[in-house]
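J.: Chains as they are written, first to last, in this note's numbering: chain S, 53 to 148; chain E, -3 to 504.
One should not assume that every hint holds.
Stated by the list, open to error - Sample of chain S residues at the chain E side, in silico, Cβ under 7 Å:
| no. | residue |
| --- | --- |
| 1 | I56 |
| 2 | V94 |
| 3 | A105 |
| 4 | S123 |
| 5 | L137 |
By construction, these hints were calculated from the structure, which means they are not laboratory data.
Predicted model, so just to flag it, every value in this text is computed and none were measured.
We treat Cβ as the ideally placed atom computed from N, Cα and C, and that holds for glycine.
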Amino acid sequence: MDFISILSIFVLACFVGYYVVWSVTPALHTPLMSVTNAISSVIVVGALIASAAAGSASSKWLGLLAVALASVNIFGGFAVTARMLAMYKKRERKDA
Amino acid sequence: MHEAAATPAWVLLAYLISGVCFILALRGLSSPTSSRRGNYIGMVGMAIAVVTTLVVHVGATPICVTAPANDPTYGDRCAGGEFYSFVLIPLAIIIGGGIGLVTARKIQMTAMPQLVAAFHSLVGMAAVLVGAAAYLNPEAFGIAQIAGSVGEGWTVYAPTAEILINPVSRVEMGLGIAIGAITFSGSVIAFLKLNGNMSGKPILLPLRHVINLGILAGILGLIAYFTTDQSPWVFFTVMGLSFVIGFLLIIPIGGADMPVVISMLNSYSGWAAAAMGFTLHNSAMIITGALVGSSGAILSYIMCRAMNRSFISVIAGGFGAVSGTGDEAAIDRPYKRGSAEDAAFLMAQADQVIIVPGYGMAVSQAQHALREMADQLKAKGVRVKYAIHPVAGRMPGHMNVLLAEANVPYDEVFELEDINSEFAQTDVAFVIGANDVTNPAAKTDKSSPIYGMPVLDVEKARTVLFVKRSMGGVGYAGVDNDLFYRDNTMMLLADAKKMVEEIVKALG
């Protein structure tokens, strides 16, 4: 992909982000932060490429460390978001 | 460009799909019912991105197979490839994932702000590490060109000194590690402040604005210079200076501004991921980075608006360092003090009670006792609602999560603008652990540091019950609250949780 295509994706995604995030209900702002945390760890892709690539050994070790850090975030971020979201309940029926 | 040819179309498509999954994950958060499904879609998106990368890069034929037989470094370059790929990578994922899962399960809901800060720091550090790995091994990422004339078959094996990273990639890489490093050190400071390892008071260095601007200019200048000279000292100086500036940027910011800081760092972690996406030409990373970047930016904006402060003034820091002028006068002013029994009596008689929680509720873990109190009141026919100010607590939505944890139904919880008009028709406003967000001075006193901040109109309720540890302390803005001394205010001086438990007893 050339720079302009990448830039186009980026700019359009910023607009998508703008409208999507404004539609998030304020009650869910904390889960929003934890789930954005989890998804921004998609940076693990770069870490995996670094740790799998042939060549510089130090680059591999840095990549591996990044894989571990990003994994903490991916698993932790999605799990804690799921835990929080499970707590949001509507008013219970009287018989409950 | 040679790297474009190297990436099959299905891979580009897979990353695009994973980007779309992340959009849907955020879209789901528009309501609690759709949010759970959204979270699963997010997980699917992440799985697609990871599996695609593993298949393409880890399973791929090692580059060294095509090496010329006379390459003297052949052995070194290829040794251990499988070990890294098939043992260490899964190990890293298992260790990291295990830590993440255990933390997510054990963490207390009141500690969410710290956890989010810690997670931000990890994203920042991961970005720095990936940036450094890309710098040390640019061929692996397809961002380098080989300088000079080299023999056929040697393109991959030119010694590092002759490998030139594309100038555009250098800028992207430089920005990526700079933002990543700022996110990391800034989040570490935010974590320490939120976790109480470091005082929430702002630390103000002399000439801090000059120093900060100087360092920022230095970082940008070096990134520009990096395009002409890719020597390690430039790269590592950018990294080092960015760590320093992240630290310096957050230490002058006080506890009350933490909701803005944490949102801002959220945004930075997104921009760091986006910059890395630019470097690696990866659409999933770019889409995600843009989403997260805008998300954090919007949250910062909402938080600033809720405090009537400009983003610049928050970043400049120092808020809450100087005490308000009303401090000395406060000591002698008369106020009414009530007991748990008084509070129970007043609330049991009421038609409607609005509960206003704040950070103090989180500190004393009073949310469960509070819900019990609300249940008892409801059993007596009292209508109970909750009013939440956007900056109550230490992060956006902090109070909502705590109330949800205590099984408070979310349709009883209202935002500032939806409930503010109701206080006038309310018998009792029960303020627990909130302070600045209820201060009427924000509406009337032009000299107050919080003047103009939208506040909850609790003083319009017939009676205000204000739970507070003691009369001495002031809110984080460092200003006295006029509300304490009003005729219709009764102060309940005790630890929030103890007071609520006593009220529960008195109601029973």
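J.: Failing hints, ascending?
T.: Hint 1 is the one this structure does not satisfy, whereas the remaining hints hold.
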